[in-house]
Structure formats: structure tokens, C-alpha cells
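Hey, can you work out the whole structure from these sequences and the hints?
Okay, here's what each chain looks like letter by letter:
There are 2 protein chains.
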Amino acid sequence: MTPAVNHRVVLAARPVGFPRESDFRIEEAPAQEPADGQFLVRVLYLSLDPYMRGRMSAVKSYAANVELGEVMVGGAVGRVVASRNERFAVGDAVVGHFGWQEYATSDGAGVEKIDESLAPISTAVGVLGMPGLTAYFGLLEIGRPRPGETVVVSAAAGAVGAVVGQIAKIKGCRVVGIAGSPEKVAYVRDQLGFDAAIDYRAAPDMSQALAEACPRGVDVYFDNVGGETLDAVLRHINMRARIAICGMISEYNLEKPAVGPRPGWFLLVNRARMEGFLVFEFRDRYREGLAALAAWVREGHIKYKEDIVEGLAAAPRAFIGLMQGKNFGKLLVRVGKE
Amino acid sequence: MTPAVNHRVVLAARPVGFPRESDFRIEEAPAQEPADGQFLVRVLYLSLDPYMRGRMSAVKSYAANVELGEVMVGGAVGRVVASRNERFAVGDAVVGHFGWQEYATSDGAGVEKIDESLAPISTAVGVLGMPGLTAYFGLLEIGRPRPGETVVVSAAAGAVGAVVGQIAKIKGCRVVGIAGSPEKVAYVRDQLGFDAAIDYRAAPDMSQALAEACPRGVDVYFDNVGGETLDAVLRHINMRARIAICGMISEYNLEKPAVGPRPGWFLLVNRARMEGFLVFEFRDRYREGLAALAAWVREGHIKYKEDIVEGLAAAPRAFIGLMQGKNFGKLLVRVGKE
Chain A
1 MTPAVNHRVV
11 LAARPVGFPR
21 ESDFRIEEAP
31 AQEPADGQFL
41 VRVLYLSLDP
51 YMRGRMSAVK
61 SYAANVELGE
71 VMVGGAVGRV
81 VASRNERFAV
91 GDAVVGHFGW
101 QEYATSDGAG
111 VEKIDESLAP
121 ISTAVGVLGM
131 PGLTAYFGLL
141 EIGRPRPGET
151 VVVSAAAGAV
161 GAVVGQIAKI
171 KGCRVVGIAG
181 SPEKVAYVRD
191 QLGFDAAIDY
201 RAAPDMSQAL
211 AEACPRGVDV
221 YFDNVGGETL
231 DAVLRHINMR
241 ARIAICGMIS
251 EYNLEKPAVG
261 PRPGWFLLVN
271 RARMEGFLVF
281 EFRDRYREGL
291 AALAAWVREG
301 HIKYKEDIVE
311 GLAAAPRAFI
321 GLMQGKNFGK
331 LLVRVGKE
Chain B
1 MTPAVNHRVV
11 LAARPVGFPR
21 ESDFRIEEAP
31 AQEPADGQFL
41 VRVLYLSLDP
51 YMRGRMSAVK
61 SYAANVELGE
71 VMVGGAVGRV
81 VASRNERFAV
91 GDAVVGHFGW
101 QEYATSDGAG
111 VEKIDESLAP
121 ISTAVGVLGM
131 PGLTAYFGLL
141 EIGRPRPGET
151 VVVSAAAGAV
161 GAVVGQIAKI
171 KGCRVVGIAG
181 SPEKVAYVRD
191 QLGFDAAIDY
201 RAAPDMSQAL
211 AEACPRGVDV
221 YFDNVGGETL
231 DAVLRHINMR
241 ARIAICGMIS
251 EYNLEKPAVG
261 PRPGWFLLVN
271 RARMEGFLVF
281 EFRDRYREGL
291 AALAAWVREG
301 HIKYKEDIVE
311 GLAAAPRAFI
321 GLMQGKNFGK
331 LLVRVGKE
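Quick mapping for you: the protein sequence lines, in order, are chains A and B. Following the working numbering, the numbering of the first sequence begins with 1 at its first residue and continues without gaps. Following the working numbering, the numbering of the second sequence begins with 1 at its first residue and continues without gaps.
Any given hint might turn out to be false.
[As the list claims (entries may be wrong)] Partial chain B-side listing against chain A, Cβ under 8 angstroms, derived:
| no. | residue |
| --- | --- |
| 1 | G226 |
| 2 | R262 |
| 3 | L268 |
| 4 | R271 |
| 5 | E275 |
| 6 | E281 |
[Unchecked claim] So these bits of chain B aren't anywhere near chain A, every CB distance computed over 10 angstroms:
| no. | residue |
| --- | --- |
| 7 | L68 |
| 8 | R84 |
| 9 | R87 |
| 10 | A109 |
| 11 | A202 |
| 12 | P204 |
| 13 | Q208 |
| 14 | R287 |
| 15 | A291 |
| 16 | V297 |
| 17 | K303 |
| 18 | Q324 |
| 19 | G329 |
| 20 | G336 |
Bear in mind the hints are in silico, worked out from the structure with no lab data behind them. Predicted model, so just to flag it, every value in this text is computed and none were measured. Here a beta-carbon is modelled for each residue, glycine too, at the ideal position from N, C-alpha and C.
Below is the structure:
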């Protein structure tokens, strides 16, 4: 049983500044019959993530860029609908780099079966997937928070930030979130249990807002946004502070490289550290991370929120919204219905 | 025997931009008679170091600022000329924070006796003192070079940089120095054995010069200067590169905080780290560091060069020259003759 048509989203043009819908193109092509050793996946949920902006550009990044005319990359959850691979059977729920399309053919590389007993399968690209693992390893291995320390996280209501803050609470820290709307601020504070939260769009003075929210200074900053928010946090770091650089969404859509105050003096005076990391560095420990995250979700220590848009055709606009902070929770595209 | 007069240099005004001679004032005062438990030191060599610029300003730093009218702070070498302290005898060579003056009274806090058998006593504020220890711990503990890696150091002919490069050579690294004159470049390459050196004042394109000097990229950057040199190095860092921030002399004399390209993207893409450090963090291990440095000096693996100016009155102008890179070697003021 091979479906006739695969709709897919390809990169039509490299964005200049913020991506536009015309940078994407929806194409139809026949879904590919699995060869020996391959299987065919029907995609159910496509994950939209800020890192995709980097893949759309021609600038060197940590992974290959998407070429013009190629299918947009992306993690997704689906079900095997045809298989000539012994490890994957028809009906298996799987997560992998299936891209922005309805059907993907795979030889199993980078594909994992999802344990459906843990949580809804959509979480395999969220709290129990790459964003959750990014939060887990970035906070614990790069940030290394100790009980009683103050942890600040930006994009705090996002897929990564929300998990960072909740893990920091589990570890006994004071947690301050930075987010971009009154609803997001209320969510992280009232629903997720953060100690304080700052609406960066509304705060007249971020530095002052941070001073109030962090009376004992900042020991760990988990940075998803870069830019002026990072500048403000640097003014409040404590001795031996750790800044885990996970992303810099405020800078991804600038037409010229971002310029700002140099951080060196703050790092020197405070003997502090700024360190970039990628979740893939910790791939040997994903099992440990997923076990911890799954337990915390099961016990109610970690909550999650999904923002689901309907249909692959809605993906470009939803991604553009993600770049502008319009999503509220982990952004997913429901590409197919079960 | 207490001498009648102590000449000293006090802070007359907080500099705006580059310090000027009028920011200093030379005063005469009676040398202070040691009280019980104290001793009197006649200063022989005053060390001039870039960090002093920070102490002259009112901006928060890692140590107390010098107040207007106070004696300028500084490490110095001298001899005990009167003592009412059991640990220090007349004739002992000592190193301590004696400041910019001819005579200092001390209770022994922060003062160490110098082992005169190791090297000339002036080295106690140079290769066998704070600059040497800064190089030792900063390179080995923050930079953590591995054999075969490429280490870049700025202010490479300076008191710290020259030692950094030579230790990196001892550790089996490719070493590239950045310095500010043809003579300094020749010195670090031909006398100190660096593999390559770049004259940043003459290079038409620092990034290109670094690409040529570092064909396998940069694994460790020991940064003494900050600013555009750091920007250029960031473009060439390797995966998991370590940037040890020791100083940023290019930024100390700016009237407004330095602005430049944001480093986050380079750190993220390369999973790299930027970390500020101060030698004082390693004070429990000074003995280890000094033993290693002394052995390397004795065996000829580490050479050093002193740039000595005569007389305390010359200190302000010499310090201003240091801010402009005019010294060549460890800058010392011969405050008194043996």
C-alpha cells in the first residue's frame, strides 16, 4: 500500500531577514516506495523549531544547510505504513528527521521507535524529544545549577525554556523566566511554578526588572534569545556564573550580524563562562535524559503545552510566527490525522 | 633606621579615556615607622600591569578601586630595611602589594619572601610572579591545550603572553602570537620559538592573517586584548574551542563600553566556551605554579625579557605607554637601587 501523493514543503528562496511565505513552496510528488531495508512513514506531527532558520541560510552552521528546492528539514512523528526493514513494523510510532512532508522513506538511520505507554506520541518531538533533551543536558551539564542558585531562562514558555525552568525548580533553584506576553508570563509563573517572570516586551527596563526578579543575582542563564536580553542579564551575573548558549532567536533574522556590548568585561570581572552547546553532543546519554524526563512528566513535576496548527500547508506561516514569538507552547503541525 | 622621606604616586584624577600624566600626582610623606608586628620595605622594582587601569576608574571591578588621593596599587619587589615582625628580617627580599612608592609598611599580609637562588628578584613580579602564574593557570586550567592543538595568544610579547606561548610550546602545541610591532613579532617567533606571529598593526586583514597562521583553526585563544582581535579569532575557532579571557587592554581606555559583533553564534556553532579568570582563584596552587615556572626558566624552556624604566617619577608615563603597547617585555620601574 503506497499512497499516490506526497505533499512536501521545499525551500524556494533563502530568506533575507525574516522569512516570508514566498521563501517556501509546496510541491506534490509521488511517495517513494520503500526499497529493501527501507520503510515508509506517514507523518503525523511535524515539529517547528527555531534552529530551522539557520538551515535556510547559506551561512556556515553546525549542520548542513537546506539547498534550494530541497525539502525543509525537521523532526517529526509518524507511523510506519509500509516496511521492508526488520526493525520497523507497520503500525510502529516513530520519530526521526522526516522533514516537512506527508510521507518519508527511511532506512532507519536516526529513527527511534516511540514508547506509546509513556505519553502522547507528539511529545517525542517535544518534552520527551529534542527540546526536552536540550533543556535537560543544557541546564544540567552546561548550566550546572546548585540548589539555592538563581536560574534565568529566556523564551521561558517555549518548548525548551519551559522544561529548563521546571528542571531548575526540581533541582531546588530560584527560577526566573523571560517571555513575550502577559499570558506567557502568567503561564510560567502560575502553571509551571517559576518564582518570577518578566514580560520583556512590557518591561520598561529589563535590567531593572532582572534586578527585582533576581535579588541574589544570576548564577545560571539559559539563553535561547541572545541580543539585548543577554546584555541585560550579563549586568546581573554572579561570580562564576554559567551562561549556556542554546539559541539566539532575536538575532536569526537580522540582515547584518548582530552588534552589541562586548561581554568580555562581565565574564572577566565575575570569572564567568559563556558556552555554546548542542543537544547532539549528548546523544550517548539520551536514554538517561528521556528516562528522567518521562518520570518527571509522569509524576507531574514537568508539565507541557502544545500549540498545534492544522495541515502541512500551514507550516510556513506557523514557522514565521515562531520567529516572532507568536506560538504559545511547543509548536507542532498536524500533518496527518491518526 | 627609618628614612625621612617616602615619595609616592597617588591617583589625582579618574582618567577619561587614556590616562594622562595629570591623573597622577607625586607626593612626599615621611616613611612610616613600623609598629609592633610590622616591617618597612624599601621598594626596588614596581610592576606596571594593565589591570591597574581598572583600579583607576570608578566602575565596579574585581577588586577595590583606588580612591582619589590614595597611593596607586601595584605589586612590587623590595627589601626589608626595618622589622618588628618575626617572619621578616632586615635584608629579606620580599614581594607584595606595596604600591607606587619608595617605602611601604606591612604586617606581612600578602607578602612573600623571595627565594633569591632561583632567578633575579625582579622576576618575582614577572615570570615567577603574578604574570607568570596568570599565564600558567589561565592557559592550563582555562585553555586546557592538548598536544597538537593550535594556541593563539595576544599581547604575545608581553609579560603574560610570552609565558603563555612558551608553556603552550612545552605542551606540544602549535603557537601563534599576536603583537604590535615587527620587533615583537620577530622576538616571539625567533627568540621564544612561537610557530608564527602576526603584527596586528601591520596586517591588512587580521582574519586572513589568522587563517594563514592557523591552517588547522584555533583551539585555544588566550585573550589579553579583547576588541577586534577577539572578533577576528572567533571566526577561526574550532569545535570545542576554549577562549580564556585574561584581559582586554584594547577596551580599557574607551570612554563608552565597547561594542562589537556578538560572539554567541560562534560559540554555539562550535560548542565553544569563553571564560573569564583571575589568577587569584588559583592562589592555593601558587607553589605548584612557581615550581613549574622556575624549573622551566632554569632549563631554558622559558625566556623572559624586562623593560625597565628608571625612577618612580617615570612610572606614570611608563604606565601610559603600557596602555599603548609601547613597552617591550615585562614593564618594571626601578624605584630604588640595591
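Taking the hints in turn, this is what the structure says about them:
1. With a least beta-carbon distance of about 5 angstroms to chain A, the hint placing G226(B) at the interface is held under the 8 angstroms criterion.
2. Contact between R262(B) and chain A, as hinted, is supported at the beta carbon level, the nearest pair being about 4 angstroms apart and thus within 8 angstroms.
3. Checking L268(B) against chain A: minimum C-beta separation of about 4 angstroms stays under 8 angstroms; hint holds.
4. For R271(B), the shortest C-beta to C-beta distance to chain A is roughly 5 angstroms, which falls under 8 angstroms, so the interface hint holds.
5. Given the 8 angstroms rule on beta carbons, the hint for E275(B) holds: about 4 angstroms separates it from the nearest Cβ of chain A.
6. Residue-level restraint check for E281(B) holds (minimum Cβ-Cβ distance to chain A is 6 angstroms; threshold 8 angstroms).
7. With 10 angstroms as the threshold on Cβ separation, the claim that L68(B) sits away from chain A holds: the shortest Cβ distance comes to roughly 22 angstroms.
8. Look at R84(B): its CB is around 37 angstroms from the nearest CB on chain A, clear of 10 angstroms, so calling it non-interface holds up.
9. With a least CB separation of 31 angstroms from chain A, R87(B) remains clear of the 10 angstroms interface cut-off, as annotated.
10. The Cβ of A109(B) lies farther than 10 angstroms from every Cβ of chain A, with a closest approach of about 22 angstroms, so its non-interface assignment holds.
11. Remark: the non-interface label on A202(B) is consistent with the geometry, its nearest Cβ contact in chain A lying 24 angstroms away (cut-off 10 angstroms).
12. Here P204(B) stays apart from chain A, with its beta-carbon at least about 21 angstroms from theirs, past the 10 angstroms limit.
13. A cut-off of 10 angstroms between C-beta atoms confirms that Q208(B) is not in contact with chain A; the least separation is 17 angstroms.
14. Listed as outside the interface, R287(B) is consistent with that label: its C-beta sits roughly 21 angstroms from the nearest C-beta of chain A, beyond the 10 angstroms cut-off.
15. Every C-beta of chain A lies more than 10 angstroms from that of A291(B), the closest at about 24 angstroms, which supports listing it as non-interface.
16. Residue placement check: V297(B) keeps its beta carbon more than 10 angstroms from all beta carbons of chain A (closest about 27 angstroms).
17. The Cβ of K303(B) lies farther than 10 angstroms from every Cβ of chain A, with a closest approach of about 28 angstroms, so its non-interface assignment holds.
18. Listed as outside the interface, Q324(B) is consistent with that label: its C-beta sits roughly 20 angstroms from the nearest C-beta of chain A, beyond the 10 angstroms cut-off.
19. Remark: the non-interface label on G329(B) is consistent with the geometry, its nearest Cβ contact in chain A lying 24 angstroms away (cut-off 10 angstroms).
20. At the 10 angstroms boundary, the C-beta of G336(B) stays outside the reach of chain A, the nearest C-beta of that chain being 33 angstroms off.
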